[in-house]
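**Student:** Using the hints, position chains Y and S against chain A.
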Amino acid sequence: MDASFFAAAVVAGTPLLFATLGEIITEKAGNLNLGVEGMMLMGAVIGFFVGLMTNSPILALFGAAIAGGMGASIFAFLTVSLRANQVVSGLALTIFGAGFSSFMGNKLIGQVVPVNIKDFFKPVHIPLLSDIPFLGQIFFQHDVFVYFGFISVIALGFYLYSTRKGLNLRAVGENAAAADASGINIGLYKYIHIVLGGILCGLGGAYLSLVYIPAWQDNVVAGRGWIAVALVIFASWNPYKAIFGAFLFGGMDIIGFRIQRLDIHISQYLIDMLPYVATIVALILGTNKNRKENHPPKDLGVPYFREER
Amino acid sequence: MLKIIKRDDLSKRQILKVRITAIVLAIVFSGLFIAILGYNPFKVFYNMFLGAIGTKIRIEQTLTIAIPLVITSLGILVAFKMKFWNIGGEGQILMGGFAASYAALNFDFLPKPILLLTMGIFAIVGGGVWAFIPAFFKIRFGTNETIFTLMMNYIAIKWITYLQFGPWRDPNAMGFPKIPMFTSNAILPKLLGVHIGWIVALIMTALIYVFMNHTKKGYEIAVVGESIDTAKYAGMNIKVVVVFAMIVSGGLCGLAGMIQASGVERTLAVSLSGGYGFTAIITTWLSGLSAPLVLLTSFAFAIMIQGGNFIQTALQIPQSAADMIQGMILFFVLGSEFFIQYKVQINKRSQVAGDRNE
Amino acid sequence: MQADIAVEMRNISKNFGSIKANENMNFNVRYGEVHALLGENGAGKSTLMNMLSGIYSPDSGSIFVHGKEVRFMSPKEPIQMGIGMIHQHFKLIDIYTALENIILGEKGSFFINKQEISKEIKGISDQFGLGIQQNKKVYDMSVGEKQTLEIIKVLFRGAKILILDEPTAVLTPQEIKKLFEIVNNMKAAGCAVIIITHKLNEVMEISDRVTVLRKGQSIMTYETSQTTMKELTEKMVGKSIDLSIKRAETKGNVEILKVDHLTVVNKEKINALKDVSFNLKSGEILGVAGIAGSGQKELCETIAGLCTAQKGKIIFQGDNILGKSPRAIIRLGIRMGFIPEDRLGMGLVASMDIVHNIILKDYQGQKGIFLKRKHIIKKAENIVKRLDINTPGIYHPVRKLSGGNIQKVLLGREIDSNPKVLITAYPVRGLDIGASFKIYDLLNEQKRNGVGVLFIGEDLDILIDLCDRIMVLCDGSVTGIVNTKEASKEDIGLLMAGEYKVQ
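Chains as they are written, first to last, in the working numbering: chain A, 303 to 611; chain Y, 38 to 395; chain S, 467 to 969.
Here chain A stands alone, though its shape is the one from the complex (with noise of 0.2 angstroms):
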C-alpha cells in the first residue's frame, strides 16, 4: 500500500473522527447518546443547504454546526431536565434526524456543491511539514477540514485531562452526585457539553455532504454515526486514541475500492461489509478493559436527580 491510500483513509476518516470526539465528550458527561447518526445527518442536510443557497463555506458550516447542536439539544432536554431513557432518546433522534434529512434533502438530490465552496475545501499544503517523506503526504496534504479535526483532537485532550473544567466535566460523567456535592453545576455541564458534541458531529455529517462526495445524497451518511459510537468504545474514550481508530475505520471505508483495482474476485458488496464487521471486531477488542481508566465513565447512561434518596 502506498502513501495515497493512507492519505485517503484520513480523509475517509475524518468524519468519523468528528462524530467520535463529539460523542466522546457527550459520554464524558455520562450522557450516552445514540442520535450520532441523526445528528450527522442533521449537519450533512444543513450543511449542504445554506452552502447551497449562500455559496458561503464558513456559513455552511455554521448552518451544520446549528444543526447538530440542535439535535444535541433536543436530546439534552430529554435527557437532561427530563431525565428520559438516554438509549431511546437517542434513537428517537437518529430516527428523527434520518426523517429530517431525507425530507429537507429531497429537492436537493443530484445538486453538487458550489464551486466556491469545492475551491475552499481545496487541498492545502503545509510548508515544511508536507514535505517529510511518506507522512508529509499522508497527514499534511488536506483540506483545511482535515487539519481542524487535528487541532480537535488536541485541543480536546488538553481540556479533558490538563484543565480544571476537564476535571469537572469528567467528574460529572464519573459520579454526578460527587460532583454535585463538589459545587459543580451537573445541569449546565451536561447540556454544554452535548451540545458541543452534537455540534462536532453535525460538522462530520457536513464534511461527507460538502467535502468528501460532494454532491447531495440521500442517507449520505449510510452508518458512520453508529461506528463512531463504535469507536469510542474502541478508543476507551481518550481522543488521542480516537484519531487512530477513526483513520483505521477511514481506511476500511475504501479499502473496496483498492482490492477491485488490485484485480481480487472478491464480490464488492462482501467488501462492503468490511468496516461493519470490523466495528463489531472493534466493540469486542475494545470491551475487555483492565484500568480503570479505560472504563465508560461510571455514571454513563444514568440521569442525575439531586433530590433521589
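Rather than coming from a laboratory, the hints here were simulated on the basis of the structure. Each residue gets a CB set at the ideal place from its N, CA and C atoms; glycine is no exception. This list has only true hints and no planted wrong ones.
Some residues of chain S that are not near chain Y, with every Cβ distance over 10 angstroms (derived):
id : residue
1  : H555
2  : E697
3  : G718
According to the in silico footprint, chain S covers these stretches of chain Y (three or more CB under 8 angstroms from chain S):
id : region
4  : 249 to 259
5  : 266 to 277
**Tutor:** Just chains Y and S now, kept in the frame of chain A:
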C-alpha cells in the same frame, strides 16, 4: 424558581391523560414544523389520514403494514423487557426473509402448507441466529449490544445485496439484478382481503402475552431486565435467559421477514425490512412493553406510514415527513414520562416571621 | 441572635412524597463547638444537614448563616459560605487522585498547577494532623483514607462549618479516637462542627451540645454535660426502653457449616478472602466484624454460590458445596437463606410486587413451564401477617415500601423456607430502632429453632450483644474469632485493624 419533586403514584387514568397530551402536542408540533417547511399541515394530516383509511383498499394496505410491525414489535418487546437494546430488527427481518427465501426457492416442490410452514421455521431460525450472535458476545465479553445489533443490520443488507447481484441473481430477469419471484405455493394466501399474516400476528400477540406474564421464562426475563444481581441471587442461569430471549426476539423479527417476503414482496429484496425494525422500537416503547398494546401502537403507526406513502404520491410531499413525525412523537412521549414521575412546583419564597429573640 | 452562632435553622420542613422527613425542625450551632445531632435512622438528621449543604432544598423554613438569611439553590453556595459536609457515603471520584478530588469544582486558573496546589494541601493537612498521599487514587484507598481525604477537601475550601455524617460508622475504635482528635483540632481552630450520629457514647465523648431528633422533629437541645445517656435515649426513641438485646440461649449445638481454607479472588483480581477457615453451629449466631470491604461481601456470596473460589471448601452438613451455583444448591435441597447487603438490587426485584418477590426463590421448584402463583399468594399473605409488614397489599411494589418493611419482605421470604443456615449481611442498616429490634428478635427466634446464623454487622455494640462468637476480618483474612462473653470492643477494634492476632 421551579422545583422538581418526585411524585407518588399516578392513577392509570392520569398516566393515560399525560400520554395522550404528549401525542397531541407531538402532532401539533409536527404540524408547526411542516408549516415551517412550507406545507399546509392540515392538508398533510388530512391526506395522511385519508390515505390510510379512506377506502377499503387503503385499509387493507394499512393492515398489511401493521402486520410486520406487530410481529417485529413483539420481538423487540421481549428484548427490551430484559433491557437488552436490540436495535437489530432490520437485520433480523432480512435474515429471516433470507432463510425463508432459501426454502421457497429450493423446496418449491413441496405442497403449499408444508412449504409455508418450512419457510416460517427457517425464518425463525434465520432471525434467531442473527440475534444470537450479539447475544453470545454480550454474555461472553459484555459487548455493547446496541451497536452490535445495529452493525448486524448493515451486514445483513450487504449480504442480501450480494445475493441479489451474485449467486441468487435471476438469470431470466434480462440482466436486471433481482432474485427470482417465489412460486405460487410459497405465497401466503389471503383472508378477508389481507394475507393471513394478520392471523399470525394476532396469535403471536396472544402467545407473547402469555409467555411474558405466565411462564417461568418470561418471569426470568423480567427479573434479568430489572437486576442481573437479583437474577444471579435467585439462581437463574443468566446466560441461558439472555440467549433464549434473544432467540425469541430475533426469531419473531425473522418471522416478520418471512411474512414480508411471502405475503408482500413475493421474493427476497433489501426493501422487505422497510424500516420496520426501527419503527418497532417506537411502537414497542409506546406500548409500555405490553403485548396487547403493541397491536394498538403498531396500527397507529401503520396509519402514519401508509399516510406518508399516500402524501408522497398525492401531494408530492416526501414520505420522510412521516418519519419525522414518528421521531417527534417519540420525543414527546419520552419527555412525558417525566411528568408521570415528577411534579414541578413553583417554589414560593416562604416567609417565616423573623422572631429574632428566641 | 448571639454573635458566635454560625448556623441557625428555623422551622425547617421537608417532605419526600408523602413522607415527612423534617417537620418544623429547629437547630443552631456556634463557632468553636462540637454539636451532635442525635437520632435513630430515619429521624431526619441527614435530611436536615443535606439542606444545610444545598443538596436538598427545604419546603419551608429559614436558614441563617452568620446571622444572614440564605436560600441555597445548589451545593455551590454553601461551599462558598464556608459550609462543608463529609457525607456518610463518600462523594469521591474513584479514578481520581486525592489531589484531583480536592480541587474538584474549585475555581482557579484554567490549567491546573499541581505543585502549588500540592503545597497548599500539605499546609492544611499538617495543621490539622491529617496524613494523606496526594497522588494515590481513591480506588486504592482504605475507608479511613477516603474519610481523611473528604475532610481535607472540605478544609481546603476554607470551611468553617463542618458537618460529619455518621463519621464513625466505618472506623475501628482506634480510628475513631484519632478522628475525635482531629475534630477537637477543628474546634480549637474556631470551626463549628456538627456530628450526625446515633451512638450515645460518642455524643457524650465528643460533643459540647446535642440536639435530639425523632421522627422528623427536633425534640430538644441539651448541653452535653447537663444530660445523661438515659435521658437522651428516652428522647431519641420517644419512650423509656431497654436498649440491650437479650441473647437467646440454646443447647446441643452441632457444626452445620464448615468453611475451610477459603481463598477468593474478586472481580478486580484482588484477593478478597485469604485462607479463611471457621465453622458455624446450629443454634448459634456467629458475628462477622471488620472494616467495610474486608471481604464480608465475598464471604457471603461465596457461601451462597454467587462467587467462585480459588481454593478451599465449604462443607454444609458433610457435603462440599463450593463451586455449586445457587440453582444447584437449591436443587440439592440445601436450605440456606441469604439476606444480601443490597436488598433492592440483589435480594429483591424492586419494581415487582410482594407476590412476585416471594416467588423468586420458589418458582424453580415448580413443574412445567408456567408460573404458578396460587399458593404463593397465600404464602405472601402469611408472611405479611406474621412479620407485621406494613403495606397497602401484597400487590404493592416492594420499592415503594419503607426500609424496614422491605427488609421484612426479604427476611420473611428467606426464613419461610425453613433454612438450616441463614446468612445476613448488614440486616439492620438504615432501619430505625423499632425495626432493628424486630429483626434481632427474628434472628434470635431462628437461632432458637436451631438455625445457624451468620451475621455480618458494623455496630460492635450490637455484635457483642447479639452474637455468640465474633469472627473478625481484616483485609480478607481472619484475624481472630472471639467469644463475645469474654472479648472487649477494644480487642475487636485492634483485630479489625489487623494489629494483632488471637491464636
